[in-house]
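Asker: 10 is the number of the first residue of the sequence shown in our numbering; add one for each residue after it.
Simulated from the structure, these hints should not be mistaken for lab results. From the three backbone atoms N, C-alpha and C, an ideal C-beta is built for every residue, glycine too. A couple of the hints might just be wrong.
Unchecked claim - Computed spacing ranges between beta-carbons, pair by pair:
| hint | residue 1 | residue 2 | range |
| --- | --- | --- | --- |
| 1 | E159 | H220 | 22 to 30 angstroms |
| 2 | A166 | P119 | 32 to 40 angstroms |
| 3 | P119 | A151 | 32 to 40 angstroms |
| 4 | V161 | D284 | 47 to 55 angstroms |
To be verified - Below, in silico cross-link-like pairs of lysine-lysine (BS3-like), each with a Cα-Cα straight-line distance of 25 angstroms or less:
| hint | residue 1 | residue 2 |
| --- | --- | --- |
| 5 | K158 | K130 |
| 6 | K134 | K95 |
| 7 | K134 | K115 |
| 8 | K115 | K95 |
| 9 | K115 | K130 |
| 10 | K206 | K296 |
| 11 | K130 | K108 |
| 12 | K95 | K108 |
| 13 | K130 | K95 |
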Amino acid sequence: MQLSQQKCNNEGGKRDRTRDMIFATCKTADSSLLTEGVRVPKPKTTNLLTSDEQSLSTMNLIVSYRGTAHPLSVLPESTLLALQMKLEELTSLPPPHQKLICRGRKLNLPPETTLEEAGLKDGMKAQLLGVTEGELAGMRTAESEKRRKEEVLRQRATMNLPKPRSTMTRSSSYIFHSLVPLPHLPAPATAHALLSKLAADPAIQHVMQTHRFSIGTLTELAPHEHPELLGLNVNHGEAIKLRLRTNAYDGFRLYSDVRRVLCHELAHNVWGEHDNNFKALNSQLNKEVTDFERAQRTGAHTLGESGPVYTPTVSTPGLEVESEAQAYILGGSSAPLSDTREERRRRALEAAVSRLRREEEELEQSCGTAGPNHISESASASSASNES
Numbered sequence: 010m011q012l013s014q015q016k017c018n019n020e021g022g023k024r025d026r027t028r029d030m031i032f033a034t035c036k037t038a039d040s041s042l043l044t045e046g047v048r049v050p051k052p053k054t055t056n057l058l059t060s061d062e063q064s065l066s067t068m069n070l071i072v073s074y075r076g077t078a079h080p081l082s083v084l085p086e087s088t089l090l091a092l093q094m095k096l097e098e099l100t101s102l103p104p105p106h107q108k109l110i111c112r113g114r115k116l117n118l119p120p121e122t123t124l125e126e127a128g129l130k131d132g133m134k135a136q137l138l139g140v141t142e143g144e145l146a147g148m149r150t151a152e153s154e155k156r157r158k159e160e161v162l163r164q165r166a167t168m169n170l171p172k173p174r175s176t177m178t179r180s181s182s183y184i185f186h187s188l189v190p191l192p193h194l195p196a197p198a199t200a201h202a203l204l205s206k207l208a209a210d211p212a213i214q215h216v217m218q219t220h221r222f223s224i225g226t227l228t229e230l231a232p233h234e235h236p237e238l239l240g241l242n243v244n245h246g247e248a249i250k251l252r253l254r255t256n257a258y259d260g261f262r263l264y265s266d267v268r269r270v271l272c273h274e275l276a277h278n279v280w281g282e283h284d285n286n287f288k289a290l291n292s293q294l295n296k297e298v299t300d301f302e303r304a305q306r307t308g309a310h311t312l313g314e315s316g317p318v319y320t321p322t323v324s325t326p327g328l329e330v331e332s333e334a335q336a337y338i339l340g341g342s343s344a345p346l347s348d349t350r351e352e353r354r355r356r357a358l359e360a361a362v363s364r365l366r367r368e369e370e371e372l373e374q375s376c377g378t379a380g381p382n383h384i385s386e387s388a389s390a391s392s393a394s395n396e397s
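Construct the complete structure from the given sequences, taking the supplied hints into account.
Answerer: Next comes the structure, spelled out in structure tokens:
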């Protein structure tokens, strides 16, 4: 019996040693598997891998944006959103504004699509297109400003500018009481139309109302009878004669030139000689004509009778310089200004002053009311009877 008990103990010891050997063998096998680098499968991730430890499972891409190539190492199981977020770090281009072109086509896939599912492979190249938030904001601002300017121009084109309103009662006495073209000259109807235009000129009417000029007859000078004259005031406003035609009778002189002679002859209603008093009044009349036209163009309030708006052929900046030139002739200053824009304006003003003075000198030479070609009142009356 004692021998049987000892035998059982020996067999039990063998079983324990066998079990320990099996456990040791399993443990050794597990250790060898770990040391040999067997990897346990991991779940999908959206992170980009750039470490050397994962280099065996990553793929390399090159994404170009505006001439700059960006090399990337990514996991095939990473999503397109993860790639877009990485590209945003490199280019400041938000994912909604990114357009990724690969092999000639846009990757228009859901953000959760993996790079492997999108068809990206190791070594592939892609092109990134899009604009940043700052650039987009600048484009929106420019577009908004463009629309604003277009709206302003549209409103200006459709708005009705107010007509100049009158604060002066118009008198029927301060007018040209009769218009008489010379019937023996060619195209008397055209000459009458030109005289009518002068008489109805709003700027001329404004001057006549302001200075209470009343002219008996507005007529014309025959070039062959007085080739040296451009205008004549008979007896301080009894009649004003203007050269309307060219010397060769092949046409009519410029309206602006004839009107300037008319202002000169209107000044002779007050002053007979070409002295400083006359020159000051003549410059004042021309300035009033220019200021009136500028006010008509801008729709400003003017002192004068309301009526048809006369549209001058000179632009508003030109009228401003003309007005300043007339003011300078009346006694203004021509001191140079330091600003570049003002300096250009000053030079234009000086040129206008020089031109106006030269024209006035020519008018004085060709004026029959005074000057070297002066015609006496008796001669004027005789001429008038002959012309009629």
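Asker: Evaluate each hint against the coordinates.
Answerer: Evaluation of the provided hints:
Taken as a hint, the range 22 to 30 angstroms is violated for the pair E159 and H220, whose Cβ atoms sit roughly 46 angstroms apart. In this structure the hint that A166 and P119 lie 32 to 40 angstroms apart at CB is violated, the actual value being about 50 angstroms. A C-beta distance of roughly 34 angstroms is found between P119 and A151, which places it inside the suggested range of 32 to 40 angstroms. Under the hint 47 to 55 angstroms, the C-beta atoms of V161 and D284, about 51 angstroms apart, fit the expected range.
Restraint check for K158 and K130: not satisfied, since their Cα atoms lie roughly 51 angstroms apart, outside the 25 angstroms limit. Our distance criterion of 25 angstroms between C-alpha atoms is met by K134 and K95, whose separation comes to about 16 angstroms. Note on K134 and K115: the hinted pairing holds, with a Cα-Cα distance of about 13 angstroms set against a maximum of 25 angstroms. About 18 angstroms separates the Cα atoms of K115 and K95, which keeps this hinted pair within 25 angstroms; it holds.
About 16 angstroms separates the Cα atoms of K115 and K130, which keeps this hinted pair within 25 angstroms; it holds. Proximity of K206 to K296 is assessed by CA-CA distance (about 20 angstroms); at most 25 angstroms being required, the pair is judged to hold. For the given pair, K130 sits about 18 angstroms from K108 by alpha-carbon distance, which is consistent with the 25 angstroms threshold. As the CA atoms of K95 and K108 are separated by approximately 14 angstroms, the hinted pair is consistent with the 25 angstroms bound.
A C-alpha spacing of about 18 angstroms is found between K130 and K95, which places the hinted pair at or below 25 angstroms, so the restraint holds.
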